[in-house]
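S.K.: Reading the sequence shown from the start, the letters are residues -20 to -1, 1 to 243 in mature numbering (1 follows the signal peptide of the UniProt record, and there is no 0).
Just so you know, these hints were derived from the structure itself, not from any lab.
It should be emphasised that the depicted structure is a prediction, and the values quoted were computed from it without experimental measurement.
Hints are supplied without guarantee of correctness; some may be wrong.
As the list claims (entries may be wrong) - What follows is a set of in silico ranges between Cβ atoms, one per label pair, in the way DEER data are often shown: (1) 24 with 48: 39 to 49 Å; (2) 57 with 23: 55 to 65 Å; (3) 23 with 91: 55 to 65 Å; (4) 181 with 141: 46 to 56 Å; (5) 142 with 178: 19 to 29 Å; (6) 55 with 141: 14 to 24 Å; (7) 30 with 54: 30 to 40 Å; (8) 142 with 92: 56 to 66 Å; (9) 94 with 171: 17 to 27 Å; (10) 27 with 49: 46 to 56 Å; (11) 34 with 65: 12 to 22 Å; (12) 141 with 187: 27 to 37 Å; (13) 182 with 142: 19 to 29 Å.
We put the beta carbon where it would ideally sit given N, CA and C, even for glycine.
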Amino acid sequence: MLQQISFCCYFLSFIMLTFAHNHFSNSFSLEIELCQDICSDSFFLLPLNKDSQKICQRGCRFFNIIDVKEEHERDISDTNDDCHILCFESYVDKTERNSCIVGCDATSKRKQSDVEKFAQFNPGEQEIDSLEDILLDPLIRKQIQMGYDLQYKIPEAYIRTMPIDENETNLINNEVTKAPFRYQLICSKMIPVTIFVMVLLVVTICILKVIFSAKTFKDAFMFMFDEEYLKLSQNEECPDKLDENSVKEKSDVDVIHTKEIPV
């Protein structure tokens, strides 16, 4: 039992440590990226040194650490002064110290600009709309302006509204229409039916055209077949006629020869 409890405690502690590590690693990576952007934008203020970017980023991190460490809200200028003190304590060389101070100043300017941007989107206390914006009669408005300090009572006003006729007014585009609403509903329901009927008619017309074209093709084919059959039949009958004619010619020749032979 104790082993199970200890295992559960170790497992929960491992999960919490993993979550904390991920959270801090993500925040640290975001902070590093932010400092890199700030120092890359302020490169023209840095001295010509190979480590100036790294030192500038360290000054940016100094500023962020001081800003996060303080529980109560502080002025950005005070945080920037503390960042300068850390730069003086961390670096002895003047160029390195100036690079760190550039990181502090650039971060403070970025924070100040972010605060100003958020202040623009904060609505704050909005002014109460004056009574002039209320849709009242001009005479009543003058009476209200005159009687602010006299506890003047506003006279009662009655508003009468007329019912809307559905047969004359279209609620969609607020225009007068001639057809009643039920007729519009019927027409809207008939639209898909008419589309379906039109599509069906087009399909039937196409099918009929295909059938007629097939029929005409069949008739043409049969006509050609009949012509070929007639030609073949005529060719079969011609040899008999040729044989009869040749026999007749031979008989005539024989008769002629017999006549010419002397007896």
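S.K.: Hints first: check each against the structure and report whether it holds.
M.R.: Results of checking the hints against the structure:
1. Distance hint for residue 24 and residue 48: a CB-CB separation of about 29 Å, inconsistent with the stated range 39 to 49 Å.
2. A beta carbon spacing of about 24 Å between residue 57 and residue 23 contradicts the range 55 to 65 Å that was offered as a hint.
3. Judged by the Cβ atoms, the range 55 to 65 Å given for residue 23 and residue 91 is violated: they are separated by roughly 20 Å.
4. At roughly 50 Å, the beta-carbon separation of residue 181 and residue 141 lies within the given 46 to 56 Å, and the hint holds.
5. Under the hint 19 to 29 Å, the C-beta atoms of residue 142 and residue 178, about 43 Å apart, miss the expected range.
6. A C-beta distance of roughly 58 Å is found between residue 55 and residue 141, which places it outside the suggested range of 14 to 24 Å.
7. Between residue 30 and residue 54 the beta carbon distance is about 34 Å. The supplied range of 30 to 40 Å therefore holds.
8. Between residue 142 and residue 92 the Cβ separation comes to about 59 Å, which falls inside the hinted range of 56 to 66 Å.
9. Hint check: residue 94 to residue 171, Cβ distance near 56 Å, so the stated range 17 to 27 Å is violated.
10. Restraint check, residue 27 to residue 49: a C-beta distance of roughly 29 Å breaks the suggested window 46 to 56 Å.
11. Distance hint check: the CB atoms of residue 34 and residue 65 are about 20 Å apart, consistent with the given range 12 to 22 Å.
12. Taken as a hint, the range 27 to 37 Å is violated for the pair residue 141 and residue 187, whose Cβ atoms sit roughly 60 Å apart.
13. One distance hint, 19 to 29 Å for the beta-carbon pair residue 182 and residue 142, is violated here, with the actual separation near 50 Å.
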